[in-house]
Amino acid sequence: MDTTTSAALSTPPAPRVQVLFHAALADLAAQLKRAFLPHLAGGVGLFLLVSYVTTSTLFATWPTGLKWVAVAVVFVVYGFVSFFYSLFTTCVFALRLACLRWNDFIEDVLELIQNQTAAQVADMNVGLSKPEAVRLVRGSVKEVFVSLRNAQSPWPRLVLLIGLGFLSLAVRAVLRAKILKWTGRTVKLGKLFAGRATLVGAVFLNLHFFATVLLAFCYAVGAAVLAVNIYFVFLLK
540 MDTTTSAALS TPPAPRVQVL FHAALADLAA QLKRAFLPHL AGGVGLFLLV
590 SYVTTSTLFA TWPTGLKWVA VAVVFVVYGF VSFFYSLFTT CVFALRLACL
640 RWNDFIEDVL ELIQNQTAAQ VADMNVGLSK PEAVRLVRGS VKEVFVSLRN
690 AQSPWPRLVL LIGLGFLSLA VRAVLRAKIL KWTGRTVKLG KLFAGRATLV
740 GAVFLNLHFF ATVLLAFCYA VGAAVLAVNI YFVFLLK
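Numbering of the sequence shown is given in my numbering, commencing with residue 540 and proceeding in unit increments.
Bear in mind the hints are in silico, worked out from the structure with no lab data behind them. Please note: incorrect hints may appear among the correct ones.
Straight-line alpha carbon distances no greater than 30 Å define the calculated DSS-like cross-link-like pairs of lysine-lysine that follow [as the list claims (entries may be wrong)]: (1) Lys727 - Lys681; (2) Lys669 - Lys717; (3) Lys720 - Lys730; (4) Lys669 - Lys681; (5) Lys717 - Lys681; (6) Lys606 - Lys669; (7) Lys669 - Lys727.
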């Protein structure tokens, strides 16, 4: 089947999409501000505990000069790791809450992807092989999210990367899974994007589930580090 050359969107997203885009990022930024200090406090607590256990067990018998150098290195390394852990966990937590209000935004993003895909094929109702359909849809998703990322926005780069990065992964996963599960050897792209509400629900559930699992993993890592170091604290007594 003939396809047109893929090219990035040359025009900014429609006004409605921009409004919903900024609203989605505003939700994410608000959750980040609200959740950062509690997660930072937890990271600082882990940092102090792990630093105490490490310096008390590994450097107890070291010469004084070398010991203080090692302690300084530990503080710098552990401080960086703790801050990154706190920031990453905050981002996942904020995304999990913010995406609850992203239904309209997700719907308009899917419409942009559908339009971009339609611009690359001669007929959306002609069957394509599954690998070709996956390639076209993946390219359309990339182009739409590049256009959103390059659109003028008052939000920090970090907020853009979090919101669009995770949403892009969720959209790609849902569309790819739908193509691969399609009965038969060919896929009609027109039918792929039919039932927009079902697609929106699938993307939302995928995004929310991914954020929930990742957040649980982050908390589990923190709890494991806490438990191990508390154990060592009792051993030191």
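Violated hints, by number in ascending order, as checked against the structure: 6
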